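Colleague: Residue numbers (my numbering), protein chains in the order written: chain A, 110 to 224; chain B, 23 to 136.
By construction, these hints were calculated from the structure, which means they are not laboratory data. Every value quoted in this text rests on a predicted model; they were computed, and no experiment measured them. Certain hints may be false.
In silico BS3-like links for lysine-lysine, alpha-carbon gap of 30 Å or less [to be verified]:
#1 A:219 x A:131
#2 A:219 x B:31
#3 A:219 x B:79
#4 A:223 x A:131
The lines below spell out each chain.
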Amino acid sequence: AQSVAQPEDQVNVAEGNPLTVKCTYSVSGNPYLFWYVQYPNRGLQFLLKYITGDNLVKGSYGFEAEFNKSQTSFHLKKPSALVSDSALYFCAVSAPGGSQGNLIFGKGTKLSVKP
Amino acid sequence: DSGVTQTPKHLITATGQRVTLRCSPRSGDLSVYWYQQSLDQGLQFLIQYYNGEERAKGNILERFSAQQFPDLHSELNLSSLELGDSALYFCASSVQGGQGQPQHFGDGTRLSIL
Numbered sequence: 110a111q112s113v114a115q116p117e118d119q120v121n122v123a124e125g126n127p128l129t130v131k132c133t134y135s136v137s138g139n140p141y142l143f144w145y146v147q148y149p150n151r152g153l154q155f156l157l158k159y160i161t162g163d164n165l166v167k168g169s170y171g172f173e174a175e176f177n178k179s180q181t182s183f184h185l186k187k188p189s190a191l192v193s194d195s196a197l198y199f200c201a202v203s204a205p206g207g208s209q210g211n212l213i214f215g216k217g218t219k220l221s222v223k224p
Numbered sequence: 023d024s025g026v027t028q029t030p031k032h033l034i035t036a037t038g039q040r041v042t043l044r045c046s047p048r049s050g051d052l053s054v055y056w057y058q059q060s061l062d063q064g065l066q067f068l069i070q071y072y073n074g075e076e077r078a079k080g081n082i083l084e085r086f087s088a089q090q091f092p093d094l095h096s097e098l099n100l101s102s103l104e105l106g107d108s109a110l111y112f113c114a115s116s117v118q119g120g121q122g123q124p125q126h127f128g129d130g131t132r133l134s135i136l
């Protein structure tokens with residue numbers, strides 16, 4: 110069965126410092142991996158995805174993610190955190206089967222950036 | 023703004039009742055997905071439609087049903103409601119319905135069962 114794990118419920122970072130939100134996955138076959146962000150009382154917003162190719166994927170709002178096949182990880186990173194980055198972050202994997210696009214989500218990591 | 027519209031934003035009802043949640047996908051998107059978000063279960067996929075046809079089914083209860091209409095909007099019907107059905111229900115859409123497609127989420131319908 111496909112699954113995604115986000116080992117940290119919460120990550121605390123000072124503004125201006127680099128941030129990392131961790132994600133590991135378990136899939137059969139090639140993984141299709143995504144990061145989404147959720148602000149309070151809003152739906153999820155797509156940040157970035159990995160399908161194939163370069164292991165470093167760049168996305169919206171200065172975020173990037175590093176795909177590591179040997180460690181089955183897809184960590185979200187940003188060189189310099191902003192207070193406005195505080196939100197709930199979800200890692201997701203696309204379910205197997207070429208015609209099905211439904212996502213399997215991790216439990217989410219709350220990012221708190223303090224001034 | 024994702025372009026996905028969900029109505030209503032809030033719904034309060036009682037156990038045993040039936041409700042309908044509506045979703046209008048982003049213009050040009052053919053696939054619609056429904057997800058349930060709750061504190062204990064997290065984000066769970068319920069069902070996917072593509073151009074009017076059911077494409078994938080997840081952890082959707084038999085009391086729940088959905089459909090996608092010719093104009094591509096979708097409705098999620100929840101019946102014989104129980105306290106445990108209280109959750110945030112999201113609709114998402116994508117251009118096509120396969121793997122690797124970014125999904126665009128609405129702001130959800132918050133369902134409260136009293």
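Colleague: If a hint holds in the structure, say so; if it doesn't, say that too.
Modeller: Verification of the supplied hints:
no.	hint	verdict
1	A:219 x A:131	holds (11 Å)
2	A:219 x B:31	holds (24 Å)
3	A:219 x B:79	holds (29 Å)
4	A:223 x A:131	holds (19 Å)
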